[in-house]
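Peer 1: Start from chain Y and add chain Z according to the hints.
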Amino acid sequence: MNNLEKYLAVFTETFGVDEERAKGLEYQAIQEWDSVGHMGLIAALEDTFDIMMDTDDIIDFSSFEKGKEILEGHYGIVF
Amino acid sequence: MMFEEFMQIPPYSLAQKEKNLLLMARLKELTEHHRERCVEYSHFLNAISYDEEKAKYIGDIPFLPVRMFKDLTLRSIPEGDVVKTMTSSGTSGQAVSKIYLDRTTASNQQKAMVKIVSDFTGNSRMPMIILDCPSVLKNRDMFSARGAGILGFSIFGAKKIYAFHDDMSLDEDSVADFLEKNAGRSILFFGFTFMIWQFFYQELLRLKKAGKCFDLSNGILIHGGGWKKLQNEAVSPKEFRNKLAEVCGIRRIHDYYGMVEQTGCIYMECEHGHLHASIFSDIFIRRMSDFRECEIGESGIVQVVSSIPESYPGHSLLTEDRGVILGVDDCPCGRKGKYFKILGRIKNAEVRGCSDTYEQR
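Sequences listed follow chains Y and Z, in order. The first sequence begins at 1 in the numbering used here and counts up one residue at a time. The second sequence begins at 1 in the numbering used here and counts up one residue at a time.
The shape of chain Z in the complex, shown without the other chains:
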């Protein structure tokens, strides 16, 4: 069961039942792969008395709390094979996760992502405006979630510019010039939710009031990184969409959910505002109290599984996010599999609580 098999299947074409079979085979294989290659991971499996024979269903694959990547060096490859180390953004004061990639895993991340995003944007590459500043990619050996996102999405851009100067002020002239040169074409915008709001939307609004309008009605905006900071400012996803459409005419807007620990298999938001799991990965919601799987519509902690990670044991992870499954196979957009909503982060104390409980299990 090689990763390549996943590449042959359209990313949202499998009903959950079929998808489970495919993904389960791969996840069992990855569990063994990492058991053999990562000592810490094999200790973990021993500690929880994992029995492969008893794992019948994806939900039975053990999950590592994501914070383990902060506390430990978890790698299933020799140090010399590491081509890139990714770091989590990490809220202030917290340790950052380190994710080690080899060529195969890095390349499979990019391949999966292209399949997933193309399902929303189409196959052709577009002129692209990156809603960030160029210095994000400066340190090339150490990649933050921000850098990883920008780089990953860059492949969809034919010509690219950054919209902001390094001080995060809008480079108005470059943007205007770029829009003029590419008039009549679809333009891809990519950036992080909070920064788009803070540095792009607010500035467009100011300019509009000053009589200067940008028409971005040909645009497709993809954004990610979470809503936490915007919740503090009381901006809802709906308001985000409406206000942006109002100020510059952009209507095709897709949020995505993803994390540096499982780069590549992102969860894109469809036309109906639902996040979707592709065949490359899946999502489970678990109860805080006993980690049992929640029912559809019941909120809990998010677990993610991915078919990609070979260089580090990150194929099944318990995140620190809360979410809820909204349905399976029946989203009006026609994409199969699970669709869901993210509700925010679990609180600090709870994070510590649940991973401690888990380790002692």
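If we strip away everything but chain Y, and leave its shape as in the complex, we get:
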């Protein structure tokens, strides 16, 4: 799996949505991605990519797209 596939898989598994829905997903747009789901998502991403995110980045992580930018910009994960 490349990084994008891994990233997608975290979303589909954490929130139980299909890939199409996952792309373009925003925080609080579905019930599963609430503040509890958010911490689950972060934990899964940290495991998958073996990173530890800063609190600021966890707060800024407001959408599927924004998350990609953060991982790419601050953690050197290339999509």
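Among these hints, one or two may not hold up.
Quick list of simulated restraints, FRET-style, between CB atoms [to be verified]:
no.: 1; chain 1: Z; residue 1: His43; chain 2: Y; residue 2: Asp50; range: 50 to 60 Å
no.: 2; chain 1: Z; residue 1: Ala55; chain 2: Y; residue 2: Asn3; range: 51 to 61 Å
no.: 3; chain 1: Z; residue 1: Lys54; chain 2: Y; residue 2: Glu20; range: 49 to 59 Å
Taking beta-carbon pairs under 10 Å as the criterion, some of the chain Y residues facing chain Z (in silico) [what the hints assert, rightly or not]:
no.: 4; residue: Leu25
no.: 5; residue: Gln28
no.: 6; residue: Glu32
no.: 7; residue: Gly37
Hint data in this document are derived by calculation from the structure and do not stem from the laboratory. Cβ atoms here follow ideal geometry from the backbone N, Cα and C, with glycine treated the same way.
Peer 2: Frame of chain Y, contents of chain Z only:
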């Protein structure tokens, strides 16, 4: 005057005078914001003949008794924008408060809290042991104060485990395993004061007597929720700290004061045992008899103001707690602003008394 401006300033860096200017601008803005968006709140302002022109100082901003959130649906956003409803823990037999959050307010709560807590724990996230059971977060739409606290603090945890099973018995093996995996690192513990005492301390004590010791000297414990139940058991804050240090070696212990009606801007206890107001919020102590501001050192009813609430009119509230300001700008820990102590709850009859008086004013 946007909330973002507060984010640029270290949370305990402003002397009270400077802080007053910043906070006053924001609170006046919030008062108008809610007047325009919440009918009940505008009725309240009319009822007390609030005149914005005459409000010169934060103490002049009207305060709503917290119990109003139990009696009324107070919201400054359309129902469809509500992403989370928080409820107060509510002592048995009493109605619970309902606090409605939209995305902006929920996110600003978390941002403020991170700023405040980082000032005590440092910026890096730590392995975290939550001194509670996993089922607390089960109902995700309706959050109790307990759930809100756990979730809010979870952001500081890198890896997290819950220390208790759902029946509140200590999950000894998981805790021991987690400590071993994270040996040598600082570990964050979070929980509620009474539950820590009842389900954690007592159990550690029992295990120690049975010859099984946990070494938590690398830990930082943050706890909140109040002392009422422990006062009944005659456990003082000092004893709480000493006994915990004795049984597991943990020494960095911070109490905090906060409420679901103003989630986010919590008041953390410093190394000298004082609760501190950050730039995001402030505290006033008022006399029971006429609601005038008390002097430093004089106890009274706690009023809290916060720069955060946009989705509900909770930026200035009269609580049902008693407290006392200990000083301003001069705590030996170096943090600026007011520092204070909470003395407990005001009695039932008095609660009714004062809010009734207030409504009739």
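Peer 1: Go ahead and decide if the range 49 to 59 Å is satisfied by the Cβ distance of lysine 54 (chain Z) to glutamate 20 (chain Y).
Peer 2: holds (57 Å)
Peer 1: Please test the hint of 51 to 61 Å on the beta carbon pair from alanine 55 (chain Z) and asparagine 3 (chain Y).
Peer 2: Distance hint for alanine 55 (chain Z), asparagine 3 (chain Y) holds at roughly 54 Å.
Peer 1: For the hint on glycine 37 (chain Y), just tell me whether its beta-carbon gets within less than 10 Å of chain Z.
Peer 2: holds (8 Å)
Peer 1: Answer holds if the nearest beta-carbon of chain Z is closer than 10 Å to that of glutamate 32 (chain Y); otherwise answer violated.
Peer 2: This hint holds: glutamate 32 (chain Y) lies near chain Z, its Cβ roughly 9 Å from the closest one there, short of 10 Å.
Peer 1: State, for the Cβ atoms of histidine 43 (chain Z) and aspartate 50 (chain Y), whether the hinted interval 50 to 60 Å holds or is violated.
Peer 2: holds (56 Å)
Peer 1: With a cut-off of 10 Å on the beta carbons, see whether leucine 25 (chain Y) makes it to chain Z.
Peer 2: violated (14 Å)
Peer 1: Hey, does the glutamine 28 (chain Y) contact hint survive, CB to chain Z under 10 Å?
Peer 2: holds (5 Å)
Hint compliance for this structure: hint 4 is the single one not met.
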